[in-house]
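Asks: Whenever a hint applies, use it, and build me the whole structure from the sequences.
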Amino acid sequence: MDSTDVIYDGLKDAGINFIVSVPCANLKKLLKLIDEDDEIKHVPVTREEEGFGICAGAYMGGLKPAILMQNSGLGNSVNVLASLMKLYNFPIIMIISHRGTFGEAVYGQVPMGKATTKIFDSLDIRYEKVINPCESKEIIKKAWDLSEISGESYALLFDISYWKRSV
Amino acid sequence: MQRYDAIKKIVENLSDELVISNIGFPSRELYGMCDRKENFYMSGSMGMATPIGLGLALALEEKDDSRKVIVIDGDGSLLMNFGELITVYAQNPSNLIIALIDNEAYGSTGSQETYASKVNLSNIARSIGYTEVTYIDARKSTDDIDMNVILNKKGPVFLHIKVEPGNTDAPIIDLSPSQIKNRFMKEVNK
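Chains B and W, in that order, give the protein sequences.
Those letters in the first sequence? Residues 1 to 167, per the numbering used here, in order.
Those letters in the second sequence? Residues 1 to 190, per the numbering used here, in order.
If you're looking for bench data, these hints aren't it; they were derived computationally from the structure.
Some hints here could point you the wrong way.
As the list claims (entries may be wrong) - Here are the computed lysine-lysine pairs in the DSSO-like style, where the Cα-Cα straight-line distance is at most 27 angstroms: (1) LYS164(B) x LYS32(B); (2) LYS164(B) x LYS141(B); (3) LYS9(W) x LYS141(B); (4) LYS154(W) x LYS41(B); (5) LYS32(B) x LYS63(W); (6) LYS186(W) x LYS41(B); (7) LYS86(B) x LYS190(W); (8) LYS41(B) x LYS12(B); (9) LYS186(W) x LYS12(B); (10) LYS142(B) x LYS29(B); (11) LYS29(B) x LYS12(B); (12) LYS118(B) x LYS86(B); (13) LYS140(W) x LYS37(W); (14) LYS141(B) x LYS129(B); (15) LYS86(B) x LYS142(B); (16) LYS41(B) x LYS28(B); (17) LYS41(B) x LYS141(B); (18) LYS190(W) x LYS41(B); (19) LYS86(B) x LYS37(W); (20) LYS186(W) x LYS9(W); (21) LYS41(B) x LYS153(W); (22) LYS63(W) x LYS154(W); (23) LYS142(B) x LYS32(B); (24) LYS142(B) x LYS129(B); (25) LYS12(B) x LYS190(W); (26) LYS63(W) x LYS190(W); (27) LYS41(B) x LYS63(W); (28) LYS28(B) x LYS12(B); (29) LYS114(B) x LYS129(B); (30) LYS129(B) x LYS164(B); (31) LYS186(W) x LYS142(B); (32) LYS141(B) x LYS118(W); (33) LYS118(B) x LYS141(B); (34) LYS63(W) x LYS12(B); (35) LYS8(W) x LYS142(B); (36) LYS114(B) x LYS86(B); (37) LYS186(W) x LYS86(B); (38) LYS141(B) x LYS32(B); (39) LYS9(W) x LYS154(W).
Replies: In structure tokens form, the structure reads like this:
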């Protein structure tokens with residue numbers, strides 16, 4: 001198994017059946033796995049912000065939502081995270097490719113890479129940095145369970161080194 | 001005729017349809033005239049009414065629930081997240097009606113003009129590929145708004161209603177966000 005397979009297994013184990021996404025190179029394989037899974041409704045979106053709104057609606061319709069995105073998408077989503085997800089206590093897990101961390105080669109990724117955890121801290125949204133692919137399946141299940149019982153968004157940050165490891 | 005009159009025509013004969021209303025005065029006016037468990041009143045996040053409606057519509061389709069979702073959106077809000085019109089079109093929910101009440105103004109903040117005065121939002125919807133686009137000029141009268149006709153169309157439906165700007169003295173919504181959500185979810189998932 002590689003570092004993507006265990007994320008997919010974690011999403012399945014958590015019962016996630018509705019996923020919105022904006023792609024990242026690191027999410028390429030995960031997006032393909034989800035597209036091929038008939039039990040998961042996958043909705044590509046034009047901007048991460050709308051993705052959160054769509055997930056809120058899907059949750060009210062009885063589905064279990066996740067969003068797949070790059071951390072740049074966090075910058076596009078600050079108000080919706082505060083004024084929709086937090087205000088109404090919607091659960092969601094964010095599977096985030098955390099670009100701009102150690103080993104980044106694209107300079108445009110660096111500012112949001114540095115800002116990401118501080119934005120989550122400001123919004124009072126919990127996040128977990130996932131380093132070891134051996135743990136990610138279990139972490140995803142626990143993150144969803146906590147998100148659902150607390151009615152809070154939960155972010156999982158997979159940094160550059162994560163994707164290079166295998167189980 | 002103003003937004004209030006158009007909302008009244010949209011909801012006056014509804015049965016089990018689920019309604020998502022836009023932030024500010026649209027939600028307050030809907031709450032004041034016709035509070036029901038099937039209404040979800042948005043607050044805070046402008047531009048998210050149609051996304052919420054899309055997510056709900058897709059979830060209902062997944063569960064073979066035949067109820068329709070009506071989003072009462074505004075021109076300013078739609079313009080804020082215009083990519084959503086593309087996502088709705090691409091996802092093609094047969095149960096979703098976007099009721100766009102277009103007063104060419106940011107109504108809740110003092111009726112500053114929006115660019116809806118310069119572009120025709122129905123034409124944009126048509127150019128994206130929407131086949132069910134209905135334009136009604138309700139500035140003089142709302143008589144042409146016939147929801148029985150609209151509800152029988154296969155979605156996604158783009159119902160574009162042009163009205164004059166202006167707000168009523170609608171009440172502040174006397175429910176907490178969690179009460180709004182929980183009551184709505186109970187009704188959706190009963």
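Asks: Flag every earlier hint the structure violates by its number, smallest first.
Replies: 3, 13, 32 and 35
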